[in-house]
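Q: Here are the chains, one letter per residue:
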Amino acid sequence: MTADRRPEHGLVLQDVRIRLDGELLVAIDAAVAPGETLTLMGPSGVGKSTLLAFVAGFLGSDFEATGRVALNGRDVTALPAERRGIGLLFQDALLLPHLSVGGNLLIGLRPDVRGREARHRAIEAALAEFGLHGFAARDPATLSGGQAARVALMRTLLARPEALILDEPFSRLDAGLRGQIRELVFAESRKHGLPVLLVTHDPADAEAAGGRVIELG
Amino acid sequence: MLRLFPAAALFVLLAPVAAGLAGILLPAFGYLPTLGHDDVSLEPFRQLFAMPGLARSALLSFGTGLATTAIAFAVVILFVAGWRGTRLFRTLEGLVSPLLSVPHAAAAFGLLFLIAPAGFLVRLVSPELTGWERPPDLLIVQDRLGLAMSFGLIIKEIPFLLLMTLAALPQARVAEMERMTAALGYGRVVGFMHGVLPALYRQVRLAVLAVLAYATSVVDVAIILGPTTPAPLAVRVLDWRNDPDLGGHLLAGAGAVLQIGVTGAAILAWLAGERACGALARVIAKTGWRATADSWLRGLSAGLIILSAATILAGIALLGLWSIAGPWRFPDALPAAVSLATWMRVGPGLLGPLRDTLLLAVSTSFAAVALALGALEREARLGRAAAGRGLRLLYIPLLVPQVAFLFGLQILFSWLGLDGAFPAMLLSHLVFVFPYVFLSLSDPWWSWDPHYGQLTRALGHGPSFVFWRVRLPMLARPVLTAAALGFAVSIGLYLPTLLIGGGRWPTITTETLALASGGDRKIAGATALLQALLPFLGFAAAAVITSVLFRNRRALRSSG
Chain A
1 MTADRRPEHG LVLQDVRIRL DGELLVAIDA AVAPGETLTL MGPSGVGKST LLAFVAGFLG
61 SDFEATGRVA LNGRDVTALP AERRGIGLLF QDALLLPHLS VGGNLLIGLR PDVRGREARH
121 RAIEAALAEF GLHGFAARDP ATLSGGQAAR VALMRTLLAR PEALILDEPF SRLDAGLRGQ
181 IRELVFAESR KHGLPVLLVT HDPADAEAAG GRVIELG
Chain B
218 MLRLFPAAAL FVLLAPVAAG LAGILLPAFG YLPTLGHDDV SLEPFRQLFA MPGLARSALL
278 SFGTGLATTA IAFAVVILFV AGWRGTRLFR TLEGLVSPLL SVPHAAAAFG LLFLIAPAGF
338 LVRLVSPELT GWERPPDLLI VQDRLGLAMS FGLIIKEIPF LLLMTLAALP QARVAEMERM
398 TAALGYGRVV GFMHGVLPAL YRQVRLAVLA VLAYATSVVD VAIILGPTTP APLAVRVLDW
458 RNDPDLGGHL LAGAGAVLQI GVTGAAILAW LAGERACGAL ARVIAKTGWR ATADSWLRGL
518 SAGLIILSAA TILAGIALLG LWSIAGPWRF PDALPAAVSL ATWMRVGPGL LGPLRDTLLL
578 AVSTSFAAVA LALGALEREA RLGRAAAGRG LRLLYIPLLV PQVAFLFGLQ ILFSWLGLDG
638 AFPAMLLSHL VFVFPYVFLS LSDPWWSWDP HYGQLTRALG HGPSFVFWRV RLPMLARPVL
698 TAAALGFAVS IGLYLPTLLI GGGRWPTITT ETLALASGGD RKIAGATALL QALLPFLGFA
758 AAAVITSVLF RNRRALRSSG
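Residue numbers (this note's numbering), protein chains in the order written: chain A, 1 to 217; chain B, 218 to 777.
Think of the hints as simulated: they come from the structure by calculation, not from any bench.
Just so it is clear, CB atoms sit at the ideal spot from N, CA and C, and this is done for glycine as well.
There's no promise every hint is true.
From chain B, some residues computed to sit far from chain A (all C-beta separations above 12 Å) [to be verified]:
no. : residue
1   : Ala236
2   : Leu338
3   : Met381
4   : Val407
To give an idea of the interface, some chain A residues facing chain B are shown, with a C-beta separation under 8 Å as derived from the structure [said to hold, decoys possible]:
no. : residue
5   : Asp62
6   : Ala81
7   : Leu88
8   : Phe90
9   : Leu94
10  : Pro97
11  : Thr142
Bound-form chain A, shown alone (with noise of 0.2 Å):
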C-alpha cells in the first residue's frame, strides 16, 4: 500500500508476514510518520496482537516472522525488547503493585538520569505536570482508574521511547474518562513526535487519533 514511502524517520514495517503453523496469518507494509497513527482494526484473531508483539519484540517461538522494522532509520528487528525504544501501553494500567507510584516511575525513567535526587525531581515534575502532585508516596492499588492510566502513561514516557505501541488501552475506561485520557496520550505522542500504531476496537478512537486506519482480516 505505502511500500513507496520510506521515511528515515518514524516507525517503518517493511514486507513483515507472520505465519503459524505455515498459515500465513498477517501481511502488513506500513509506515508511520513521528507524531502520526497507524490505527489497526479488525475483529478478534485476525493477528493484531501477534503483529504487535512482533513489532514490540515478544513474538513467541511457535511464529515465523520475515520483513523487518526499522525505527528512525534504525533496524530493530533483530534486537531485544528492552533495545527496541518502543513504548507499551496496554488495556489496564498494570502499575507494579510491590512499588509505590514514585517507585513505578523511578522504573521507567531512563538511566542517564543519575544521582537519586535528580532522579526524584524528575518524577516530581513528571507528576506535578500530569496533575498527580505528590502521588509519588501512594500505593497504586489506591489510585482511581484515570490517576493510574496517568501514572502509566507517565512511566511510558519517562523512558522516552521512539515510539509506542497502544493496545486497546482506553477499553477498560468509563465513558467520561475514555475521551480525556485519549486526548492526553495522543497530545503527547504528538508533542513528543512519537509514531503510534495503535490496536482497538472503539472507531472513536481510531478518530481521535486522526491518522490512517487498516482494517485487518
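Starting from the known structure of chain A, arrange chain B on it as the hints suggest.
A: For chain B alone, kept in the frame of chain A given last:
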C-alpha cells in the same frame, strides 16, 4: 547458568531414585562387595520367603494401602460433590493447609493418645461408664488388622487429597457442570460423578497414586500405630536392615524388591478399580437415574471429614496437654496439675536435634525454591512448551516406595564415603521436598500476567531485571508459601533422615519416632508437639513476612 536449572531439577528428581533402585537390586541378589558379598545368588530371596509371617506383612501393606486410599479419596470426592460452595466447605478449605502441615508422626501420636486403652477417650468415660479402674487390656492400637494405623493414615491423606482436588477444581468447570446436571434434575452427588469427576480425576490421578504408594510402604505411622506381629512389610524391611543377625542388607534388599512388588501390585489393582468404577458409572448414566435422595451421603461425607479434622486437632491438643501434665493417673480425664517439668527435662536434649532439623529444613526448602524458580524462569524464557511434560516426572519420587530406593541410596552414599554428610542429607530431603515445592509454585507462576514483563522490557530493562525486580516480588506470597511447604515436608521426613543420616542427624522427627516404643507419654507428647508446631511456624513466618513486606501494598496483601 539458567540453562542448567531444568537439568539440575531433573537430576534431583531422578538420580536418587535411579541410583537407589540400582543400589537395592545388587544386594537383593547377594552382591554387596563392601561387606564381602560378591557372589550373585537368589539366597537373599530364599531367606526372605522363609521369614515367618511374610505373606501377612505383605498383605497388610497391600490391603491397608488400598483401603485407606480408597476411603480417603471417596470421602474427599463425596464431600466436594455434596458441599462445594457452602459455609462448611469454606471452613474446611481454610483448615486444609494447617492440617496438611501436621507431620504424620505427630498426627499418629495424637491419635494414639486419643484412642489407646489408656488414652483420653477411655479416660473420659472411665470409670463411670466402663467401670475400668485400670487401662483395659484391649488391642485398640497396634491391632492385628492395622485398623488404628489405617485410621491414622486416612486422617492425614484426607487433607492432602482435598488440597489437590481444590487445586484441580478450577480447570474442571465445576460451576457450569453443576448447574447443567442440576437443571436436568440430577442429585448433587450423582450429578458431580457424571459431570465433574471424569475431568477432575484426570487432574488428581497422580496425586492419588502417590498417596497409594505412600500408604502401602508407610513406616512412621506404622511404627506408632501399626501391628507388630507381624508388622507391615516396610517396617520389617527396616528392622532387617538394622539387624545383622537377621541377614542385614541382603535380606533388606530382597525385602525392598518385594516392597516395590507390593506397591506396584496395589497400583495395578487401583488402575483396575478405576476401570471398574468408570464402567459402572457409564451403566448408571444410561439408566438416567437422578439419585436425588442423596442427603444421607452428604451427611456421611461431612461427618467423616469433620471427624478426621477433629481427630488431628484433638490429637495435637492432647500432645500439648501431656507435655505440660503433672501427675495424671488413670482414669482421671485431666491431669491433677500442670507443670513445665517435662519441658525442663527434655528441652536441653532437644536443642541439638532442633538445630539439625532447622538447618536441614531451611536449606532444603531454600534449595528447592531456588531450583524450582530457576527451572520455571528457564521455561518461561523458552516459551511454555516444556511446562506440561516436566510435571509428570515430579511424581516419580512419590510413586516409588521410599524404603526401596533410600536403602540403595544409602549403600551408594556409604560406598562413596558420603553417608551422613550434609550434601547427601540435602539431596535425600530435596528429592521429596522439590516435587511439593514445584507443584505449589507452578500455578501462581504461570498465572502471573506476562504483560507486566513485556511492559518492563519495553521500558528498557532486561529479562534478569524482570525476574528479580518484577516477577519475584509480585510472586513473593506464593514463593514464601512454597518455601514454608518445603520446610514442612522436610521437617516430617523420617526415613531419609534415618537412613542417609546414619544416626549422625538426630532430628525432632527421628527423636519422635525413637519414643514410639518408649512409653513415656509426657516426653513423647512434648517431642511430637514440637514436631507438629515447627511446620506451622514456617507457614506463620511466611504470612508475617508477606504482610510486613506489603504493609503498604493493598493489591498484594489480600490473599488470592
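Q: Can we trust that Met381 of chain B is non-interface, i.e. its beta-carbon lies farther than 12 Å from all of chain A?
A: Since the minimum Cβ distance to chain A is about 29 Å, Met381 of chain B lies beyond 12 Å and the statement holds.
Q: Take a quick look at Ala236 of chain B and tell me if its Cβ sits farther than 12 Å from every Cβ on chain A, holds or violated.
A: 35 Å, holds
Q: Using Cβ atoms only, decide whether Pro97 of chain A comes closer than 8 Å to chain B, and label the hint accordingly.
A: Nearest chain B Cβ about 4 Å off; hint holds.
Q: Can the hint on Leu88 of chain A be confirmed by a CB-to-CB distance to chain B that is less than 8 Å?
A: OK, holds: Leu88 of chain A within 8 Å of chain B, min 4 Å.
Q: Against chain B, is Phe90 of chain A within 8 Å by beta-carbon distance?
A: Hint on Phe90 of chain A: holds, closest Cβ of chain B at ~5 Å, below 8 Å.
Q: Is the hint on Asp62 of chain A kept, meaning its closest Cβ partner in chain B is under 8 Å away?
A: Since chain B brings a Cβ to about 7 Å from Asp62 of chain A, closer than 8 Å, the hint holds.
Q: Let me know if the C-beta of Leu94 of chain A comes in closer than 8 Å to any C-beta of chain B, holds or violated.
A: 6 Å, holds
Q: Is the nearest Cβ of chain A still more than 12 Å from the Cβ of Val407 of chain B?
A: 38 Å, holds
Q: Is the interface hint satisfied for Thr142 of chain A? The criterion is a beta-carbon contact with chain B at less than 8 Å.
A: 7 Å, holds
Q: Hey, does the Ala81 of chain A contact hint survive, CB to chain B under 8 Å?
A: Because about 4 Å separates Ala81 of chain A from the closest Cβ in chain B, which is inside the 8 Å limit, the hint holds.
Q: Please verify that the nearest CB of chain A lies beyond 12 Å from Leu338 of chain B's CB.
A: Check passes; 50 Å lies beyond 12 Å.
Violated hints are absent here; each numbered hint is respected by the structure.
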